[in-house]
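Modelling step: build the complete structure from the supplied sequences, incorporating the hints.
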Amino acid sequence: MTRRILAWLAEQDLVCPNCGAVNKVRVDYEQGVIVCTECGTVIREGIVDLGPEWRRPESSRAFVGASGTELGDVERGVVKISDKLRALRLKRAAKPITSASERLEIDMREFYDSLRELLGIPRAIIDEAVALYKKAYEMGFRSPRREGYAAALYFAVKRHGVGAVTYRSLVEKAGLDRGAFMSAYMEFLRYMAQAGEKMPKVDPRVYIPRIVSALGLDGELGAQVQRIAAHLLSYIIRSPRIRNGRKPQVLAAVAVYFACFISGIEVTQKDVARAAESTETPIRDLLNELADLLYIELYV
Numbered sequence: 031m032t033r034r035i036l037a038w039l040a041e042q043d044l045v046c047p048n049c050g051a052v053n054k055v056r057v058d059y060e061q062g063v064i065v066c067t068e069c070g071t072v073i074r075e076g077i078v079d080l081g082p083e084w085r086r087p088e089s090s091r092a093f094v095g096a097s098g099t100e101l102g103d104v105e106r107g108v109v110k111i112s113d114k115l116r117a118l119r120l121k122r123a124a125k126p127i128t129s130a131s132e133r134l135e136i137d138m139r140e141f142y143d144s145l146r147e148l149l150g151i152p153r154a155i156i157d158e159a160v161a162l163y164k165k166a167y168e169m170g171f172r173s174p175r176r177e178g179y180a181a182a183l184y185f186a187v188k189r190h191g192v193g194a195v196t197y198r199s200l201v202e203k204a205g206l207d208r209g210a211f212m213s214a215y216m217e218f219l220r221y222m223a224q225a226g227e228k229m230p231k232v233d234p235r236v237y238i239p240r241i242v243s244a245l246g247l248d249g250e251l252g253a254q255v256q257r258i259a260a261h262l263l264s265y266i267i268r269s270p271r272i273r274n275g276r277k278p279q280v281l282a283a284v285a286v287y288f289a290c291f292i293s294g295i296e297v298t299q300k301d302v303a304r305a306a307e308s309t310e311t312p313i314r315d316l317l318n319e320l321a322d323l324l325y326i327e328l329y330v
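Quick note: the sequence shown uses our numbering, first residue 31, plus one each step.
No lab work stands behind these hints, which were simulated from the structure alone. Hints may contain errors.
What the hints assert, rightly or not - With a straight-line cut-off of 27 Å between C-alpha atoms, the simulated DSS-like cross-links for lysine-lysine are:
id, residue 1, residue 2
1, 228, 188
2, 54, 188
3, 188, 203
4, 300, 277
5, 203, 164
6, 164, 188
7, 165, 231
8, 188, 300
9, 54, 203
10, 165, 188
11, 165, 203
12, 203, 231
13, 164, 54
14, 164, 228
15, 228, 165
16, 231, 277
17, 188, 231
18, 300, 228
19, 277, 203
Said to hold, decoys possible - Label-pair distances were calculated between CB atoms; the ranges are:
id, residue 1, residue 2, range
20, 148, 275, 29 to 35 Å
21, 226, 309, 32 to 38 Å
22, 168, 299, 42 to 48 Å
23, 246, 223, 38 to 44 Å
24, 261, 148, 31 to 37 Å
25, 143, 292, 41 to 47 Å
26, 275, 202, 22 to 28 Å
27, 143, 298, 35 to 41 Å
28, 153, 274, 30 to 36 Å
29, 198, 295, 22 to 28 Å
30, 309, 153, 30 to 36 Å
31, 150, 246, 17 to 23 Å
32, 257, 224, 29 to 35 Å
33, 292, 209, 25 to 31 Å
We put the CB at the ideal spot given by N, CA and C, even for glycine.
This is the structure we're talking about:
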């Protein structure tokens with residue numbers, strides 16, 4: 031009710047028929063009644079305001095927006111959970127950034143989140159990469175932003191032996207310059223060594239399933255190739271002269287190549303190199319070196 035009701039009340043002497051109180055009343059606008067404030071008796075009913083209805087303009091309302099997305103509704107829990115999560119993310123994003131460190135972490139996580147689904151990287155490794163980059167940054171690491179972020183992520187991935195993420199896949203998915211990324215990674219390695227962080231040493235065996243799958247070998251045959259390749263690789267990496275200085279995926283590719291030969295599967299060096307995301311030259315060199323060291327006996 032608006033001011034017309036209030037003006038009408040000012041001209042009346044309202045006496046409660048129950049307790050006799052004079053003008054001790056309040057107006058219940060929703061019920062359209064006048065109630066005695068002393069005893070609660072309803073003195074008049076059916077009060078209607080015939081004046082114009084006044085409403086606040088849309089622009090003055092708080093939390094104006096599409097239904098189910100107002101932050102006020104979100105906090106009261108009256109919207110769907112999907113809309114609630116989306117609105118809360120918007121609310122966090124609207125929060126002012128208070129420090130350079132917070133701004134840096136937000137930027138890093140945006141970059142990593144864009145790659146996490148593409149490369150299948152666990153969130154725990156993302157968190158570790160953020161912590162490692164911040165540590166290097168505090169020590170003076172200043173490589174280009176995207177290449178530096180990728181270097182920290184590659185370090186964390188290799189340290190945990192995630193064979194699905196290779197140098198080439200990371201560079202291609204992130205759209206990085208290869209030379210700039212390698213420079214950033216080598217510099218990041220130096221800072222990690224100074225910080226006393228454990229350097230990543232990837233077991234070549236983690237690449238075997240990925241290479242076998244990329245060759246299109248599955249089922250019983252694929253399992254057989256993986257089993258033979260794992261045994262051969264255990265023998266190959268016993269020699270420091272052979273192992274040192276070679277990429278783990280190259281060692282795994284050579285083991286898979288020999289395993290395919292033993293299993294009677296015809297694959298070329300080019301096929302294996304492509305499956306391992308490598309080139310033919312290091313694989314060919316290692317195959318030539320191992321030709322005189324491996325003795326493979328076939329039973330027909």
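Evaluation of the provided hints:
Of the supplied pair hints, the one linking residue 228 and residue 188 holds, its CA atoms being roughly 11 Å apart against a limit of 27 Å. At most 27 Å may separate the alpha-carbon atoms for a hinted pair to count; residue 54 and residue 188 exceed this at roughly 80 Å. Distance check on the hinted pair: residue 188 and residue 203 sit about 17 Å apart at the alpha-carbon level, within 27 Å; holds. Distance restraint check for residue 300 and residue 277: the Cα-Cα separation of roughly 17 Å lies within the 27 Å cut-off, and the hinted pair is therefore satisfied.
For the hint linking residue 203 to residue 164, the alpha-carbon distance of about 23 Å falls within 27 Å, and the restraint holds. Between residue 164 and residue 188 the CA atoms are separated by roughly 18 Å; this keeps the pair inside 27 Å, and the hint holds. A distance of roughly 20 Å separates the Cα atoms of residue 165 and residue 231; the hinted pair therefore holds under the 27 Å criterion. With a C-alpha separation of about 25 Å, the suggested pair residue 188 and residue 300 falls inside the 27 Å cut-off, and the hint holds.
With a C-alpha separation of about 76 Å, the suggested pair residue 54 and residue 203 falls outside the 27 Å cut-off, and the hint is violated. Proposed proximity of residue 165 and residue 188 is supported: the alpha carbons are some 18 Å apart, at most 27 Å. This hinted pair checks out: residue 165 and residue 203 have alpha carbons roughly 25 Å apart, not beyond 27 Å. Our distance criterion of 27 Å between C-alpha atoms is met by residue 203 and residue 231, whose separation comes to about 23 Å.
Proximity of residue 164 to residue 54 is assessed by CA-CA distance (about 68 Å); at most 27 Å being required, the pair is judged violated. A hinted pair counts as satisfied when its Cα atoms are at most 27 Å apart, and residue 164 with residue 228 qualifies at roughly 16 Å. Only pairs whose Cα atoms come within 27 Å are accepted, and residue 228 paired with residue 165 is accepted, the gap being roughly 14 Å. A C-alpha spacing of about 10 Å is found between residue 231 and residue 277, which places the hinted pair at or below 27 Å, so the restraint holds.
With a C-alpha separation of about 7 Å, the suggested pair residue 188 and residue 231 falls inside the 27 Å cut-off, and the hint holds. For a cut-off of 27 Å, the pair hint linking residue 300 to residue 228 is broken: about 34 Å separates their Cα positions. At roughly 21 Å between alpha-carbon atoms, residue 277 and residue 203 fall within 27 Å of each other, so this suggested pair holds. For the hinted restraint 29 to 35 Å between residue 148 and residue 275, the CB-CB distance of approximately 30 Å keeps it satisfied.
A hinted range of 32 to 38 Å for the beta carbons of residue 226 and residue 309 is consistent with their spacing of about 34 Å. Checked against the hint of 42 to 48 Å, the C-beta distance between residue 168 and residue 299 comes to roughly 45 Å, which is consistent with it. As the Cβ distance of residue 246 to residue 223 is approximately 40 Å, the hint placing it in 38 to 44 Å holds. At about 33 Å, the beta-carbon gap between residue 261 and residue 148 stays in the expected band of 31 to 37 Å.
Judged by the Cβ atoms, the range 41 to 47 Å given for residue 143 and residue 292 holds: they are separated by roughly 43 Å. As the Cβ distance of residue 275 to residue 202 is approximately 25 Å, the hint placing it in 22 to 28 Å holds. Separated by about 38 Å at the C-beta atoms, residue 143 and residue 298 satisfy the suggested range of 35 to 41 Å. Checking the proposed 30 to 36 Å range against residue 153 and residue 274 shows it holds: the Cβ atoms sit about 34 Å from each other.
Distance hint check for residue 198 and residue 295: the Cβ-Cβ separation is about 24 Å, which falls inside the suggested range of 22 to 28 Å. For residue 309 and residue 153, the Cβ-Cβ distance of about 33 Å falls inside the hinted range of 30 to 36 Å, so the restraint holds. For the pair residue 150 and residue 246, the supplied restraint of 17 to 23 Å holds, since their beta-carbon distance comes to about 20 Å. Checking the proposed 29 to 35 Å range against residue 257 and residue 224 shows it is violated: the Cβ atoms sit about 42 Å from each other.
Taking the beta carbon of each, residue 292 and residue 209 are about 39 Å apart, not inside 25 to 31 Å as hinted.
Checked against the numbered hints above, the structure breaks hints 2, 9, 13, 18, 32, 33 and satisfies the rest.
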